[in-house]
Amino acid sequence: KAGVTQTPRYLIKTRGQQVTLSCSPISGHRSVSWYQQTPGQGLQFLFEYFSETQRNKGNFPGRFSGRQFSNSRSEMNVSTLELGDSALYLCASNRQGLSEAFFGQGTRLTVV
Amino acid sequence: TQLLEQSPQFLSIQEGENLTVYCNSSSVFSSLQWYRQEPGEGPVLLVTVVTGGEVKKLKRLTFQFGDARKDSSLHITAAQPGDTGLYLCAGSFSGGGADGLTFGKGTHLIIQP
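Here the protein sequences line up with chains E and C, keeping their order.
The opening residue of the first sequence carries number 1 in the working numbering; numbering runs sequentially from there.
The opening residue of the second sequence carries number 1 in the working numbering; numbering runs sequentially from there.
None of these hints come from the bench; they were simulated from the model.
Note that the structure is a prediction, hence the values are computed from the model and not measured.
Cβ atoms here follow ideal geometry from the backbone N, Cα and C, with glycine treated the same way.
Wrong hints could be hidden among the right ones.
[Claimed, not checked] DSBU-like, lysine-lysine: derived pairs with alpha carbons at most 30 angstroms apart: (1) C:Lys57 <-> C:Lys70; (2) E:Lys57 <-> C:Lys70; (3) E:Lys57 <-> C:Lys105; (4) E:Lys13 <-> E:Lys57; (5) C:Lys105 <-> C:Lys70; (6) C:Lys105 <-> C:Lys59; (7) E:Lys13 <-> C:Lys105; (8) C:Lys56 <-> C:Lys105; (9) C:Lys56 <-> C:Lys70.
[What the hints assert, rightly or not] Taking beta-carbon pairs under 10 angstroms as the criterion, some of the chain E residues facing chain C (in silico): (10) Val4; (11) Gln41; (12) Leu90; (13) Ala92.
With the rest of the complex left out, here is chain C (with noise of 0.2 angstroms):
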């Protein structure tokens, strides 16, 4: 069984501040997502990331893969208020078609103004 640890579980920071949630597993990823869910929503895709090594940035996010393809982290700078929400991670271990992703738990995120 492939497991996803993501950490931390919870976060509360003020607003301005910039934090790192990281997602590791002991398995190669073929691909990993990052999506972010809402209180009675379904998750909302913000990246996918393929390659070892590989960064994305999106606004204030920015999404790292680590080289070995077994972990990544997402950075927000300054955060807002509205990035609150639960941030997951979730790592294909197939390579191509959705044979089933793995979730991380999450992380629950709060900023506060």
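Same shape as in the complex, but just chain E (with noise of 0.2 angstroms):
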């Protein structure tokens, strides 16, 4: 069974840019859910998905958005890029109804 897939790896992007970044969840899990993990905050939570809504969000600026499609498959976006969003983002799946999530190897996305 394949694990969770997140692309790209690595990003470098430009104060000010936009920048999107995809996750596949596990096959047959619906809720994926996007954290940021910095060294200075460790892993804080973004958003969760569930069925194409979002059904919570942490508390992080409107810059921050995600979706989900109809195959489950999410996407987050950052607009206007600032240095502080250099972190590692990751995507977790889980089973309808469990709190465990299954992560991917995470996005590397450095803002110089």
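With the hints as a guide, bring the two chains together.
Below, the structure is given as structure tokens:
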């Protein structure tokens, strides 16, 4: 069974640009969550999608957005990038009704 | 805002020693997970505990959930270099469903040969 796949693995962007990250969950998992990981703040919850609907959102500015498609694949978008957005962005998929998260390898975003 | 405190933040010990990592919150967890993360990779789930007082074992790793479901510990017996990594506890404060896990900042564990 294939795991959670995130693309791309690495990205370098310039301040002010926008970026889109992609996540394909484990087959059969309908819930996808996104997290930001930085050395200072650790892992922080961004948002969670289930059946194409955002069910929960963390404490991040509106520049961070996401969506989920009918095949459960998800994308997150960050607009007007800031240096502080440099982080490892992790996607996790869950089976319905369970809180255990299965993570992808992450996308390392560097904003210069 | 529910916070999850993890200690110690850093731990470096010799191969063969025992260690314990702690995870505490002022709120009650509906469930708690422990993950291990290696550099450049995503966290990998080790165990989930749900019932107060629950103890689970995974080879040399023993996980305990506090009776009040506000704290948890991870004990490693006879640590090996392969145990090196970032250990994260994560709590779910809502009953069922993936409403977003709250993570501790992690324990960076180094096992020296």
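Structure-inconsistent hints, enumerated in ascending order:
none
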